[in-house]
Amino acid sequence: MTQTLQHVIDAVSLGSLYALIALGVALIFGIMNLLNFAYGELIMIGGYALYFLRDLPFAFQALGAIAVVVLASVLIERIAFRPVRGANAAVLLVTSFAVSFALQSLAIVVFGARAKGVSLPSWLDDSLAIGSLRVSSLSLITVGVAVVVLVTFAIFLKRSPMGIQMRAAAESFGTARLMGVKANSVIVAAFVLSALLAGIVAILVVAQGGTVSPTMGSSLVLVAFVATIIGGMGSLSGAALGGFLLGALTVALQVLLPESLRPYRDAFLYGAVIVILVVRPGGLVAVRSALERV
Amino acid sequence: MSPREALAKGWRSTFPVVSLCLIVALIVLVTMGGSEVLQRHVTEMLVNLVLVVGLYVFAGTSGVLSFGQMSFMAIGAYSTAILTIPVVQKQFLLPDLPGFLADVHLSGIPAAVAAGGVAAVFAVFIGLVICRLSGLAASLAMFAVLVIVHEVARNWDAVTRGSRTMIGVPVTVTPGVALGWALVVIVIAYLFQRSASGLRLRASREDEFAARSIGVSIPRERFGAFVLSGFIVGIGGYLYAQYQGAFTPNAFFTHITFITIAMLVIGGTKSLSGAVVGAIVVSLLTNLFNSIEDGFTLGPVSFGGRDGLSDMALAAFILIILALRPEGITKGRELRWGRPAWLRRRQAAPPGDDVVPAADDARPAA
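Residue numbers (my numbering), protein chains in the order written: chain A, 1 to 294; chain B, 1 to 366.
The hints are simulated quantities; they were obtained by calculation from the structure and are not laboratory data.
A virtual CB, placed ideally from N, CA and C, is assigned to each residue, including glycine.
Be aware that a few hints might be false.
Once the Cα atoms are required to be at most 20 Å apart in a straight line, the calculated SDA-like pairs of lysine to any residue come out as [what the hints assert, rightly or not]: (1) K9(B) with R85(A); (2) K331(B) with K158(A); (3) K331(B) with D207(B); (4) K331(B) with A89(A); (5) K331(B) with V84(A); (6) K331(B) with S237(A); (7) K331(B) with P83(A); (8) K331(B) with A90(A); (9) K331(B) with R85(A); (10) K331(B) with F317(B); (11) K158(A) with S237(A).
Partial list, derived from the structure: chain A residues whose beta carbon lies under 8 Å from chain B [what the hints assert, rightly or not]: (12) L56; (13) F58; (14) F97; (15) A102; (16) I229; (17) I274.
Construct all of the structure, not just a fragment, from the sequences and the given hints.
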């Protein structure tokens, strides 16, 4: 019983992290059809910002890191993505791939390829005993942060003028512009929001792993792509759901697979992804505007 | 049609492939006497070219970008290793290999065709599922295939040596051999794209619904292209294996996937010329920047070899090319005989040029 509960907590906490990452990718994908590879590098930039600000009190360190990530995201949009805006998906993808490649290489030039240790306050990594259950405070914090962020996002998108404009733009960018939605401000807002998420994720990931390295974001962003697409292209709730599902599947496979097959965990995970795509090619939460019309 | 017209038409329709083959052959001829390093660069470029042409045969003609085509490269490369490592060596490199594989030995063209064949058989199974999906779902499902193949290669000790380096593959691929395969592959891709099936597939790329309305079965056409693409990428894997002599599963994962996609997109996704030009240009730039990275002195400042600089320069270059030419260097057109487009602008397009007009010719000539 305790064992099962332990696994459930692991699954929910990993799922929360994936959901946060997927949301950042889905925000931009919904509006400008860009699968943003460089999102992983935003997380990496956040990590290095934490490393740089390691002598400040934690609150300043965290806020500083988030600010740096937001700044970087806006700069990237201006320099790299604006010139190719509206191009087809392949071009956008390769552009974001080039940005991610450039940032990774920059990190290698500046900091070297080896991982650097960053110590965050110890209360992030305590382990709490609840009855016979031992839970790391980090997994509780991850779940808590995810819930707060998801709820805030939902309210922002439902109620605020900018949120409504963003949803309109995600539905149909052209129509939204005809209604007076400013393309630039909506896209910059999406990049800012997605950077806020990247900053938060960076703190959680660094707290968990304790190190930063130039490639720390690349595997995370791939998970986010998968979550975004199985969740339903461009649907934000779908992306979050996809993230939770991937996290849960990962933990479930880790626990349920027999010892001899455990090294193949990711093969099974991605096999399940293919099955989901075949059964529901439009994603778990199919968006009506994404249906192809004749 | 007079014989003269027929000849002119024949020339127009073969010109793209002839010129591409000549360009590639010329590069190899010019660099023939060069240093060993140069020869290696040229071979590497040709291996990339085969991979990108293989990717083009599916992604370029169908318009479905695949993130997983390099799984066929992995299968081609591992098949090559198992088929071409001498039997005696195999006994201690791969002691747990199943019986019939332990005794088999091939080399040269049969080995390449076998490697491509194994990849193609795998493509048949995968393709039955993938070709029913469309757009991003297909792209991502292929990425899932890539991860699965990677995980299996990393863990299946008996056949792939797991995450240890596969060593002992005979190194036989010289610039000449690679050139031969590159030319064969270019011709195959060109014949395919001009075949009835290739034309139907390209029609579906331009307008899925219009193509369906004239009776094109998109899954079936995609399936053929997918298997052919698997075969060609598998041969690319063979070339890679026999050029490097040693490799790990990571050689066939995200890095090569995105480099080949970048090559195709930079050249121009919609044309074979784009695939070839993209592979050549990006390989050239990579090597150029790598040699700069090894260190040079500029006045009082000396740039030591700093890791990462060449990758940054390459990335910057890709961004500039895409910002200036979002449709790629060739804009998705084939090379053609005659005056360049900016001189032809005011003339009507010559009649009977091609059954499926390229995108720029699709507008009615007013």
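Results of checking the hints against the structure:
1. K9(B) with R85(A): The hint is violated at about 39 Å.
2. K331(B) with K158(A): violated, 41 Å
3. K331(B) with D207(B): Measuring from Cα to Cα gives roughly 18 Å; hence the hint holds.
4. K331(B) with A89(A): Distance ~15 Å between K331(B) and A89(A) Cα, so the pair holds.
5. K331(B) with V84(A): Given that 20 Å is the threshold and the Cα spacing comes to 15 Å, the pair holds.
6. K331(B) with S237(A): violated, 37 Å
7. K331(B) with P83(A): Measuring from Cα to Cα gives roughly 17 Å; hence the hint holds.
8. K331(B) with A90(A): OK: K331(B) and A90(A) at ~14 Å, within 20 Å.
9. K331(B) with R85(A): holds, 17 Å
10. K331(B) with F317(B): holds, 17 Å
11. K158(A) with S237(A): holds, 12 Å
12. L56: violated, 28 Å
13. F58: This hint is violated: F58(A) lies away from chain B, its Cβ roughly 31 Å from the closest one there, beyond 8 Å.
14. F97: It holds, given that the least Cβ distance between F97(A) and chain B is near 5 Å, below 8 Å.
15. A102: holds, 4 Å
16. I229: Holds. Min distance 5 Å.
17. I274: holds, 5 Å
Violation of the numbered hints given earlier is confined to hints 1, 2, 6, 12, 13; the remaining hints are satisfied by the structure.
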